[in-house]
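Once you have looked at the hints, place chain U on chain A.
Quick mapping for you: the protein sequence lines, in order, are chains A and U.
Going by my numbering, the first residue of the first sequence is number 1, and it counts up by one from there.
Going by my numbering, the first residue of the second sequence is number 1, and it counts up by one from there.
What the hints contain is simulated information worked out from the structure, not anything from laboratory work.
If a hint is listed, it holds; no wrong ones were tucked in.
Computed footprint of chain A on chain U; a stretch qualifies when at least three of its residues, placed anywhere within it, have a C-beta under 8 Å from a C-beta of chain A:
hint	segment
1	24 to 33
2	197 to 210
3	276 to 285
Quick partial rundown of chain A residues pointing at chain U, CB under 7 Å, derived from the structure:
hint	residue
4	Leu143
5	Ala151
6	Thr232
7	Tyr236
Computed beta-carbon distance windows for the label pairs:
hint	chain 1	residue 1	chain 2	residue 2	range
8	A	Pro69	U	Gln282	29 to 39 Å
9	A	Phe81	U	Phe238	52 to 62 Å
10	U	Ala167	A	Ile53	42 to 52 Å
11	U	Phe309	A	Ala71	56 to 66 Å
12	A	Leu65	U	Val147	25 to 35 Å
13	U	Val187	A	Leu66	25 to 35 Å
14	U	Lys83	A	Gly83	53 to 63 Å
15	U	Tyr222	A	Pro69	53 to 63 Å
16	A	Glu293	U	Lys239	20 to 30 Å
All values derive from a computational prediction rather than experimental measurement.
Glycine included, every Cβ here is placed at the ideal spot set by N, Cα and C.
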Amino acid sequence: MRKRFVQAPGGAGERPAVSLLRRAEGVDLFFVGYGLLIVALVAASYLAGALRILPTDPDAMDFELLLAPPATAGHLLGTDFMGRDILTRLILGIQAYFLPGLLAVAVALVPGAALGVLSGYRGGRSETVVTWFMNLVDSFPRLVLILLVVAAVRPDIYTIMVVVGLTNVPAAASLVRGKVRFLKEKNFIEAAEAIGLPLRTVVLKHILWHHCRASLIIRATLGMAEAILIETSLSYLGFGVQEPAPSWGNMVQSGANYFLQGNFWPSTAPALAILFTILGFHLLGDGLNNLLERKASR
Amino acid sequence: MTARWIRPVARVLLREVAVTALLLLGVSVVVFAILGLAPGDPFGVLLEGQASADAGAAGVRESLGVPTAWHAQYLAWLGGMLKGNFGASIRTGLPVLGEIVRTGKNTLVLTLGSLLVTLLVAVPIALYAAIRGTNRISVPLTMAAYVVSALPVFWLGYLVLYVVMHAFGIFPLGAGFSGGSSGPAAVYVLLPVVVLGVGNGTLSEVVRHLREEMERVLAEDYVRTARAKGAPAWRHAFKEGFLLPVTEIVASKIPFILGGAVIVEQVFNWPGMGRMAWQAAQDRDFPVIMGIAVAAAVFVRTGSLIQRFVYVAVNPGASREGPARRAA
Numbered sequence: 001m002r003k004r005f006v007q008a009p010g011g012a013g014e015r016p017a018v019s020l021l022r023r024a025e026g027v028d029l030f031f032v033g034y035g036l037l038i039v040a041l042v043a044a045s046y047l048a049g050a051l052r053i054l055p056t057d058p059d060a061m062d063f064e065l066l067l068a069p070p071a072t073a074g075h076l077l078g079t080d081f082m083g084r085d086i087l088t089r090l091i092l093g094i095q096a097y098f099l100p101g102l103l104a105v106a107v108a109l110v111p112g113a114a115l116g117v118l119s120g121y122r123g124g125r126s127e128t129v130v131t132w133f134m135n136l137v138d139s140f141p142r143l144v145l146i147l148l149v150v151a152a153v154r155p156d157i158y159t160i161m162v163v164v165g166l167t168n169v170p171a172a173a174s175l176v177r178g179k180v181r182f183l184k185e186k187n188f189i190e191a192a193e194a195i196g197l198p199l200r201t202v203v204l205k206h207i208l209w210h211h212c213r214a215s216l217i218i219r220a221t222l223g224m225a226e227a228i229l230i231e232t233s234l235s236y237l238g239f240g241v242q243e244p245a246p247s248w249g250n251m252v253q254s255g256a257n258y259f260l261q262g263n264f265w266p267s268t269a270p271a272l273a274i275l276f277t278i279l280g281f282h283l284l285g286d287g288l289n290n291l292l293e294r295k296a297s298r
Numbered sequence: 001m002t003a004r005w006i007r008p009v010a011r012v013l014l015r016e017v018a019v020t021a022l023l024l025l026g027v028s029v030v031v032f033a034i035l036g037l038a039p040g041d042p043f044g045v046l047l048e049g050q051a052s053a054d055a056g057a058a059g060v061r062e063s064l065g066v067p068t069a070w071h072a073q074y075l076a077w078l079g080g081m082l083k084g085n086f087g088a089s090i091r092t093g094l095p096v097l098g099e100i101v102r103t104g105k106n107t108l109v110l111t112l113g114s115l116l117v118t119l120l121v122a123v124p125i126a127l128y129a130a131i132r133g134t135n136r137i138s139v140p141l142t143m144a145a146y147v148v149s150a151l152p153v154f155w156l157g158y159l160v161l162y163v164v165m166h167a168f169g170i171f172p173l174g175a176g177f178s179g180g181s182s183g184p185a186a187v188y189v190l191l192p193v194v195v196l197g198v199g200n201g202t203l204s205e206v207v208r209h210l211r212e213e214m215e216r217v218l219a220e221d222y223v224r225t226a227r228a229k230g231a232p233a234w235r236h237a238f239k240e241g242f243l244l245p246v247t248e249i250v251a252s253k254i255p256f257i258l259g260g261a262v263i264v265e266q267v268f269n270w271p272g273m274g275r276m277a278w279q280a281a282q283d284r285d286f287p288v289i290m291g292i293a294v295a296a297a298v299f300v301r302t303g304s305l306i307q308r309f310v311y312v313a314v315n316p317g318a319s320r321e322g323p324a325r326r327a328a
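Extracted from the complex, chain A is given alone in its bound form:
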């Protein structure tokens, strides 16, 4: 948090793309490229699933071809224990977390940014209140909190993702608060206030848009990875998406019996999907962080 931004009072935060790329390390570029590829794949598969452009019918069972290995004719990724096409079910499984995940990210970032600005800009009593709130939320293990909500109201996935988002509010808030505290001392904010710009402009444009944009996007990629993890874990535990509707978590779970008998694939295919996707979001966040935040500061 030292001299992170070299500020000129006019062009805040704008840097030419060429110098950014030159300074970037190859590893980070690779991470970001891989992450963007995964994001594109997930988004495309989500659209394909939503529009029902699927290789086969996800519920069609082929009892001649139970537990077929990958690259079987007609089933690129093989079939599961009921002879259903795994590729189709993987694509459709994205429905289980895509929109709920976006909801979780929005629920985390919007109040998080608001609380961060409030406590960082105002300080004093509002900061104390926000800190207490953050510590309170952080006192709950997320999965235990979700199990509590599950016990109380038997929620659908959207309700669960609102809870997930709320548990991520503290992280977003402390991120924004740190930035705001640092920026508040800067001349250009003081100048903006001195020329009588409305508080709204200073906060929304100068602070959030110009200086927190990158960190918030990074936070969003991590939040999406967490949402996938939560959805798959809950479906695995039997509280998420229920068979026959596919979700990556319940696919791993339903394939598990066959896994221990030596039929790895039906359980491993969704596990690999989870792996590559979560890895993609993590690496995207990490690579962007290194490119936009750390390297830019040197």
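Structure of chain U alone, referenced to chain A:
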């Protein structure tokens, strides 16, 4: 030497304990409020299908001495908890506190053991990457940590189970901490501990945090001065570059590890608090899930208390800071 930091440490510790107590009070309010959202109430379930449920409910409430108003219910629950009475499980009828202590021991072994595993794996990787920078060894090592962390922990559990079953011919399920008299007991305990330690997403975050902090500290002027003088840089970087980040990340990861324990206990049939929480959510066993949520929060807050204590002990000047500031 000692007198210099004992006073501020004691003062801060007192304040932190008070903060923790208040936070736990808040936790109890939140837990109670969430279950207050539940449609109907346990008495409705108890009396389901009986004629004139309303009259019956009032009668049962009276005979069991359960207050009707919500604030009276909360105070009764809170008062009971403070006296060590967490109520009884709706399903089994056993006292919740006893059950939590019984299963909590197993979960404590699982989580603390897995923390140890995480640190044993993560620290060498992070330190190597911090000292040597990105090179042909540190990048694959870091990547491996990321990959293992991104794997769903339940699948990793099945993989380990399968390998152990086929390689050693044992079926390491349902043993727990004290059980497992048949077969080598160490395996029963070690497997879930290792799976939770390397899986569950904690490993990569610990590696990343430690590496970043160590890199930052190694670039500080005082470390460079120490190097220039020929003093060991390690001794000068230890407190700020190692001790603080480790306690920081461990304290902030305890909630995640407890969440992972719910899943790993499910995979390995480990008789811990996580499995009990799962069962309680399944059965809507309110006293049990409430007790577990409070116990888990106590665990989390204890972790941050220790973290604050280390922080202040290392850096007595921090004792003048505001209440329990989060580590970003």
